[in-house]
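Number of protein chains: 2
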Amino acid sequence: MAEAQEARKFSGELLQPPRGMRDYPPAEAALRQRIVDAVRAEFERYGFEPLDTPALENWEILSSKYAGGEEIIKETYSLTDLGNRRLGLRFDLTVPLCRFLAANPRVPLPFKRFQIGAVWRDGPVKLGRYREFWQADADTVGAENGLADAEMVALACGVFQSLGLNAVVRVSNRKILDGVLECCGVEREKRLAAMLSIDKLEKIGENGVEKELIEERGLPIPVAKKLLAALSVDEGVSNGEKLARMAGSVADSREGRKGLKELEEVLGYCTALGAADRVVFSPSLARGLNYYTGTVFEVFLAGGGITSSVAAGGRYDELIGLFSGRRLPAVGISFGVDVVAEALKQARAPAPEGVAGGVCKVFMVPVNNPAECLPALQELRREGVAAAIDLMGRSVGKNMEYAAKQGIPFAAVVGEKELKAGKINLRNLETGEEKLVTAAEAARIVALARR
Amino acid sequence: MAEAQEARKFSGELLQPPRGMRDYPPAEAALRQRIVDAVRAEFERYGFEPLDTPALENWEILSSKYAGGEEIIKETYSLTDLGNRRLGLRFDLTVPLCRFLAANPRVPLPFKRFQIGAVWRDGPVKLGRYREFWQADADTVGAENGLADAEMVALACGVFQSLGLNAVVRVSNRKILDGVLECCGVEREKRLAAMLSIDKLEKIGENGVEKELIEERGLPIPVAKKLLAALSVDEGVSNGEKLARMAGSVADSREGRKGLKELEEVLGYCTALGAADRVVFSPSLARGLNYYTGTVFEVFLAGGGITSSVAAGGRYDELIGLFSGRRLPAVGISFGVDVVAEALKQARAPAPEGVAGGVCKVFMVPVNNPAECLPALQELRREGVAAAIDLMGRSVGKNMEYAAKQGIPFAAVVGEKELKAGKINLRNLETGEEKLVTAAEAARIVALARR
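Protein chains in written order, with numbering that gives the first Met the number 0: chain A, 0 to 450; chain B, 0 to 450.
If you are wondering where the hints come from, they were derived from the structure by calculation, not from laboratory data.
Just so it is clear, CB atoms sit at the ideal spot from N, CA and C, and this is done for glycine as well.
Certain hints may be false.
Claimed, not checked - Here are some, though not all, of the chain A residues that point toward chain B, as calculated from beta-carbon distances under 10 Å: (1) 44; (2) 46; (3) 146; (4) 261.
What the hints assert, rightly or not - Straight-line alpha carbon distances no greater than 16 Å define the calculated EDC-like cross-link-like pairs of lysine to aspartate or glutamate that follow: (5) A:241 x A:261; (6) B:257 x B:211; (7) A:73 x B:80; (8) B:73 x A:261; (9) B:260 x B:240; (10) B:241 x B:261.
Let's have the full structure, built from the sequences with the hints guiding it.
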């Protein structure tokens with residue numbers, strides 16, 4: 000039969016998502032949604048407005064030298080539409096923002112926008128690294144004030160607090176590192192490369208960085224040693240003490256002193272915003288992207304197995320101007336939705352084997368005629384409870400089995416007795432506890448049960 | 000200067016989204032988000048679980064003859080990745096569901112999933128028709144029970160009620176129309192074409208359809224006339240009377256009688272689910288897609304300028320089986336997010352010229368030192384109020400102007416007096432009303448103000 004042959008053709012690899020991409024079955028999709036909801040709620044609380052742009056952009060925009068650069072454009076999915084226009088899938092959410100601002104020069108400033116969605120990069124597939132992944136970005140465009148920077152830091156703290164994760168924000172200012180490099184006598188043209196090595200301090204340690212600075216970046220041995228000494232600060236020391244210490248290290252650099260002043264302002268605003276206890280000044284923080292001009296920060300989780308940053312950002316006062324032709328200072332933050340999902344998975348107790356654990360909270364099991372149970376079902380739903388009902392005419396036992404397999408935490412058995420009482424028999428499928436309750440009471444019980 | 004030249008290169012069309020696509024600036028994005036939130040809330044209330052799949056699919060899957068068919072594949076964006084695999088952007092959310100089910104044969108049944116996201120079709124660009132558009136789908140897979148169909152109808156009613164739109168669901172069953180065609184003597188091979196003409200009854204009227212049936216579909220004149228007479232039912236008549244009337248029209252068709260029985264069951268469940276008053280049996284409803292096998296429905300809005308359907312769906316018991324090699328009965332619904340957005344825009348009073356009207360609700364205006372206002376700002380945000388603050392050091396007047404231009408409904412002026420009182424001066428920017436209130440009081444006032 001042709002159908003069977005065609006079906007067989009689909010077996011195996013073809014039925015999987017394209018290489019480097021993945022399906023999010025219910026438990027995974029619900030987890031990602033929870034993160035997106037938490038991030039969006041915080042973005043909105045801070046007065047950011049949503050902006051949505053298409054997944055596809057004109058190729059000329061994506062491949063501009065002011066966009067992501069050569070490395071990224073090599074990994075950009077490209078296609079030609081029926082009208083013979085070359086398009087590409089966006090590789091980040093910053094380039095679309097730049098394009099939007101260039102196309103809409105009359106948008107009132109500051110423009111505080113957020114965007115949450117997929118981006119695509121046809122790069123090497125590694126553990127935890129996919130070719131379709133989600134970003135959640137907020138940017139404040141048009142404001143030079145350090146309060147805008149501090150808001151990014153504070154909202155990051157808010158997001159992870161609402162997710163129950165213990166986050167630390169490492170903060171610095173590009174100009175400080177610039178100043179230290181200048182004061183240590185690193186030649187201007189070697190500074191960017193040196194920064195990239197210094198950025199690895201956490202990962203490869205002081206000896207590793209020293210070796211790289213000398214052998215790969217070509218710094219004289221005494222310069223490399225002086226640099227590392229200037230940057231090494233005791234982690235236990237307060238931000239204020241670190242600022243005082245760095246003031247000595249950048250004393251001879253105008254740029255460095257400016258960076259310190261900017262950072263002091265940002266840290267002051269962080270305190271006023273109630274985020275000071277989560278913020279750590281890290282002089283060696285450089286961030287990989289070379290478009291940052293001032294504040295830089297990276298968010299890490301304390302404890303747990305996730306060592307990469309879960310969110311990061313900084314001030315980039317020149318990029319949009321290069322792109323749109325008018326200078327627009329900006330500061331932004333980007334959350335790695337997939338990394339945060341990984342952290343949440345590790346932070347909570349593993350779900351029992353084979354259990355999905357999604358959004359549905361109550362599974363209604365009719366003892367006799369399902370139609371008689373529907374008013375109670377609708378009442379549950381009106382009370383805001385995610386509820387499903389048997390659609391297979393299964394026995395009570397089989398239905399309980401299905402509900403458990405689906406990870407639905409409660410069953411509501413409805414027979415003669417319940418119908419007469421106008422109630423449901425709510426059973427906690429984990430503890431086995433049963434209670435005859437109204438829909439409103441059930442809603443309260445379900446809301447109180449742990450997620 | 001090279002930068003200026005490059006910037007100039009971007010002027011005009013290139014800065015716009017690719018042809019047929021669009022940006023959603025804040026007001027538009029917030030409106031779409033409101034719809035997505037309403038649909039998702041209802042999907043979840045009905046116990047559907049989220050499933051997310053990648054935007055890209057393997058080309059062999061998209062171009063399978065069981066997927067969208069020749070017309071759609073012509074309009075599918077196609078590309079080749081660096082590993083030389085041919086991929087395509089999904090043109091709907093049904094094919095990814097079929098692929099997922101084929102790849103995961105052990106998923107417990109019924110599988111109730113929803114998916115909300117963009118789909119892409121490189122088709123003709125018309126008013127209200129874009130090449131990237133959003134769909135919101137829910138499907139119940141593995142259940143043959145009419146209750147599953149009725150849940151789709153009831154949840155559609157719930158979505159539009161929560162959005163404040165007046166919806167009517169036209170319902171029928173493919174088998175009834177099949178039966179009528181059989182009983183009127185339409186040859187089997189002409190039935191699908193005849194159905195497509197009958198589907199236009201609302202649009203081109205009885206005379207138009209009669210003409211098409213005779214001239215284009217090749218039906219003998221008496222057959223066409225008999226068919227239209229059998230299908231013409233007074234709109235004012237109750238669903239029960241229509242069922243009785245159609246029972247006569249399909250008396251000689253086993254298929255037709257079966258369809259009527261199925262529809263009666265579905266309508267009965269709709270009543271039990273509390274959705275009966277919104278449901279109208281429309282015997283001429285066929286739906287364009289030929290994979291429907293039973294229940295079909297389309298949702299229309301009463302009043303307003305939107306005449307196309309805002310949601311639609313039906314039962315398709317064979318499609319997934321053809322695709323995955325095992326029979327899986329299914330019923331689904333798809334909301335046209337963009338059409339609903341259009342309807343909501345028409346339903347509400349137009350926003351004043353130039354006003355964005357997004358999610359930010361309070362704009363804080365410091366009279367002196369902004370840092371002193373930050374505790375009050377954070378309190379507002381903790382109370383769940385979307386709030387921003389001046390980042391430009393502007394005068395009170397300029398700040399008011401900015402807030403009004405942004406469509407932010409309230410300003411919070413904070414000077415000496417307010418700081419001493421531990422309150423904010425909340426000003427309604429539409430009415431001019433002012434009130435000295437705590438953050439918690441402000442949150443209540445903002446929540447009560449109309450959106």
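Against the structure, the hints:
no. : hint          : result
1   : 44            : holds, 4 Å
2   : 46            : holds, 3 Å
3   : 146           : holds, 6 Å
4   : 261           : violated, 15 Å
5   : A:241 x A:261 : holds, 14 Å
6   : B:257 x B:211 : violated, 28 Å
7   : A:73 x B:80   : holds, 11 Å
8   : B:73 x A:261  : violated, 56 Å
9   : B:260 x B:240 : holds, 14 Å
10  : B:241 x B:261 : holds, 14 Å
The earlier numbered hints that this structure contradicts are 4, 6 and 8.
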